[in-house]
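Visitor: One line per chain: the protein sequences are A and B, in this order.
Quick note on this note's numbering: the first sequence kicks off at 1 and runs consecutively.
Quick note on this note's numbering: the second sequence kicks off at 1 and runs consecutively.
Possibly wrong hints are sitting among the right ones.
Note that identical chains are pooled: a pair holds if it fits in a single copy or bridges any two copies.
Said to hold, decoys possible - In the SDA-like style, the derived pairs of lysine to any residue whose C-alpha atoms are separated by at most 25 Å in a straight line are: (1) Lys123 with Ala279; (2) Lys10 with Ala34; (3) Lys26 with Ala120; (4) Lys187 with Arg313; (5) Lys316 with Met214; (6) Lys192 with Arg297; (7) Lys316 with Leu203; (8) Lys149 with Lys354; (9) Lys14 with Pro4; (10) Lys14 with Glu132; (11) Lys233 with Arg318; (12) Lys38 with Arg267; (13) Lys26 with Phe304; (14) Lys192 with Arg267; (15) Lys192 with Val317; (16) Lys192 with Pro312; (17) Lys233 with Ala291; (18) Lys306 with Glu221; (19) Lys31 with Asp17; (20) Lys233 with Arg267; (21) Lys41 with Gly108.
I should point out that these hints are in silico values taken from the structure, not numbers from a laboratory.
Number of protein chains: 2
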Amino acid sequence: MIPPRLIFRKGALKILDQRLLPDRVKFISVKDAAATAKATKDMALRGAPLIGCAAAFGFALEIRRLRPSTSAGLRSLARRTASLLKAARPTAVALFYAADRMLNMALGFAAKNPGRFTAAARKELLDLIDREARLVTSEDAAACLAMGKLGADLLPKNCVVMTHCNAGALATMGIGTAVGVITAAHKLGKVKRAYACETRPYLQGARLTIWELMREGVPSELITDNMAAHIIKTCGVNAIVVGADRIAANGDTANKIGTYGLAVIARHHRIPFYVAAPAPTIDLLAYDGGAIVIEERSSEEVTFVKGLRIAPRGVKVRHPAFDVTPASLITALITEKGVISPVTRENIKKNLAK
Amino acid sequence: MIPPRLIFRKGALKILDQRLLPDRVKFISVKDAAATAKATKDMALRGAPLIGCAAAFGFALEIRRLRPSTSAGLRSLARRTASLLKAARPTAVALFYAADRMLNMALGFAAKNPGRFTAAARKELLDLIDREARLVTSEDAAACLAMGKLGADLLPKNCVVMTHCNAGALATMGIGTAVGVITAAHKLGKVKRAYACETRPYLQGARLTIWELMREGVPSELITDNMAAHIIKTCGVNAIVVGADRIAANGDTANKIGTYGLAVIARHHRIPFYVAAPAPTIDLLAYDGGAIVIEERSSEEVTFVKGLRIAPRGVKVRHPAFDVTPASLITALITEKGVISPVTRENIKKNLAK
C-alpha cells in the first residue's frame, strides 16, 4: 500500500517527504501556512490535487495558530494566508481553488459574525475551518474513485497503457487520477502492461509511479521519456493516460513537461490520449492554454541528479516544469463528473454544470 | 577544442574514455582487438563513425601483435579478428564496414602472397594494414567536413536548431556529423541558438554535445528529452539535425533512442528533420528498418545515474539503445556525397553511386 501523504492532527500537518521516495518513507511536520508553502515550493509534496489539499490544511493550521478574535482580524489573516499559500507554485490550479475555498469560508464566517468573536464563535470557526479542509481532502479522494471507474471503462481489455509523471495516489489523497485509472482497470483484470515514463528532471515516474504500480501489483515497466515513441510503435500501447495541473476553459491542458510531446506521439500513432483530473483542475478563467503560467524551475534540478552533477559547469539550461497540450490532441478529459469527449468549450461547461 | 578521440601509435591505441567526460579527460590504452572491442562494448568510446575507426585500428593492432607468417595464418587471424570486433555492438553499421574493409584488405594481401611470407612481405603487410586503418579515419574526417558544409547550407539564417545524443566530434574523427553541421553553420554566423537534448539514459547530450557546443562557442542550451516538443513549439526551433547508426536501403534510420519521437514531433510542427551520416552508415543489405537489429542494453544503465540508484529495487526496465525513424519522416539525408531529398530508395542509390 501507499503511505499516507498528509496527516492532519490538530495543530500540525505531517507531510510525506516525496523527495526521499522510494528510498525512505519519512514525514515532515509543519505547524503553519508558511512552512506548508515552503514544503510545496521545495517539492516535499507535489501533484496538483495534493498541493490543493495541503493548502487547505495549511490554511487551517494558520487560523488555529493565530486564533483571530475579531471579524476584521480573521479577514486580514485569511487573505494574507491564502496569498502566501497561492504563491508557492504558479501552475497547479487546485492550489488556488483550495486556498480560495478556505478564504471564502473564512470571509463568510467573518460576515456572519461581525466585530469581536464570542468564545463559542471562536470554537465554531476552528471547527468550521478544520471541517472544510477535511472536506477538500475527502472530495479529492472521492473524485479519484469516480475517475478511476470512468477511466477504467474507457480502456480496452488486455490494455497496454502508458503514463507520464506521477498522477497517482502520491499526487492526491485518494487512489490517484491517471494512475488511479490504471489501478482501477487492473483490478478489473484489464491491464496487460503499464509503462511509466521516468519523467526527467525530477524523476517522478521512476521514483513514484513505477513504485506505486509495483505496490499495486500492476505488470509494469519503466522507460526513459525518450523511449515512449519506440515503445508505442513496437509494444502495442493502446492508450495513454496522464493527469493535469490546470485545464483551460477550452480544454488546453497544462501538465508535467513531456506531456505535450507524448500527446503528439499518441496522435501520430492514432491511439487515445486521456487526461484524468478532478473538476477543480478546470480553470474557467483561463480562456485557453495561452493564459496558463508555466513555472520555470531552477537549472540545478536538471544538471544535478541526487546531488551529482551530470552536465558541464556553466551550461545554460531550460527548465519549464510544465507544458500545454492543446485540446485538439486530447481524446477525452475524465473528471469525477463524467467523460468529456470531444474536448470542447461547450462540453466542458456541460460537465462542470453536472 | 575537443580532445583527440583515438591516438594510434605503432602497437597501441589510446582511447579517450568518454564515460568520464566532461569531468575528466583520460585515455585508455589498448593493445589488441579484444581490448578494443571491450572498450567499445563498455562505451568508453561511442558514436557510430568513431566505433568504425576504432575497429580499423583494433584490427591493425591485432595483425601487428600476432604478425602472421603465412597467407593461411593471415586469413584465419583476419577473419577471427573481424568477427571479434563486429560482435562488440550490433547496431552501428560503420563497425561492420570498417571491420570488413580491413578484412578484405588482409584477404587480398593473402591472395597476392600465397604460402609463407618473406620478411619484406611481412613488413609490407603491416604498413598496408596501418595505412588502411588511417585511411578509414581520414576518410571519416573528410566526410564530416563535407557534411558540415552541405548541412550548413540547408539551415536558414538565424537558425534555431536542435540535436539529440552526440553526433559530434566526439562521435567521429572529424568535426562530427549532426554537430558538425551546427558548428559549420555557426562559423558562417547562421546559428541563433542550438538546443541539445540530454539523451537519457546515457546522457550523451548533457555530457558530450553541450560540452562540444560550449567549447565551439555556439549559443546553446541543454534540455531534458521530454522538453523537446515544448521548446520546438515555443522557442522558434526551425530545424532538427541528428546522426545515424545505420540507414536501411530505403532510408529508414536507426539512431539513438529518442530520435524517432523527435522526428514525429518535428513533423507535427512542420519543421525539417535532417539526418547527417557518412555514406558507410547506409546498409544496402538492410531492405528497410525492419531488418535493423536494435541493441537492448542493461537496465542498470537506466536505473543508475553515476552509480546512484534512481528507481526502486526490483523494477522492470526496458532499454532499447536505438530506435528506427521511417524515411517518410526524414526531410533529407546528408552524406559526404550530397543531400538526399526526398529520402527514397532510388535517391539513396544515386547518392552512393557518386
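Visitor: Should lysine 316 paired with methionine 214 be assigned to within, between, both, or neither, using CA atoms and 25 Å as the limit?
Guide: Between copies only: 9 Å across, 36 Å inside.
Visitor: Pop the pair lysine 123 and alanine 279 into one bin, within, between, both or neither, using alpha-carbon distances up to 25 Å.
Guide: neither (32 Å within a copy, 81 Å between copies)
Visitor: Regarding lysine 192 and arginine 297, is the shortest C-alpha distance of 25 Å or less found within a copy, between copies, in both, or in neither?
Guide: between (36 Å within a copy, 24 Å between copies)
Visitor: With 25 Å as the alpha-carbon cut-off, assign the pair lysine 192 and proline 312 to within, between, both or neither.
Guide: between (41 Å within a copy, 21 Å between copies)
Visitor: If the cut is 25 Å between Cα atoms, do lysine 187 and arginine 313 qualify within a copy, between copies, both or neither?
Guide: Result: close only across copies, 24 Å inter versus 48 Å intra.
Visitor: Under a CA distance limit of 25 Å, which applies to lysine 316 and leucine 203: within one copy, between copies, both, or neither?
Guide: both (21 Å within a copy, 16 Å between copies)
Visitor: At most 25 Å between alpha carbons: which applies to lysine 149 and lysine 354, within, between, both or neither?
Guide: within (17 Å within a copy, 62 Å between copies)
Visitor: Is the C-alpha distance from lysine 14 to glutamate 132 at most 25 Å within one copy, between copies, in both cases, or in neither?
Guide: within (18 Å within a copy, 69 Å between copies)
Visitor: Indicate which option fits the pair lysine 14, proline 4 if close means a Cα-Cα distance not exceeding 25 Å: within, between, both or neither.
Guide: within (9 Å within a copy, 55 Å between copies)
Visitor: Is it within, between, both or neither when you check lysine 192 against valine 317 at 25 Å Cα-Cα?
Guide: Answer is between; shortest inter-copy Cα gap is 16 Å, intra-copy 38 Å.
Visitor: Quick one: lysine 233 to arginine 267, C-alpha cut-off 25 Å, is that within a copy, between copies, both, or neither?
Guide: both (12 Å within a copy, 16 Å between copies)
Visitor: Checking lysine 26 and alanine 120: alpha-carbon separation at most 25 Å within a copy, between copies, both or neither?
Guide: Neither: 38 Å inside a chain and 75 Å across chains, both beyond 25 Å.
The structure shown violates the earlier hints numbered 1, 3, 12 and 21.
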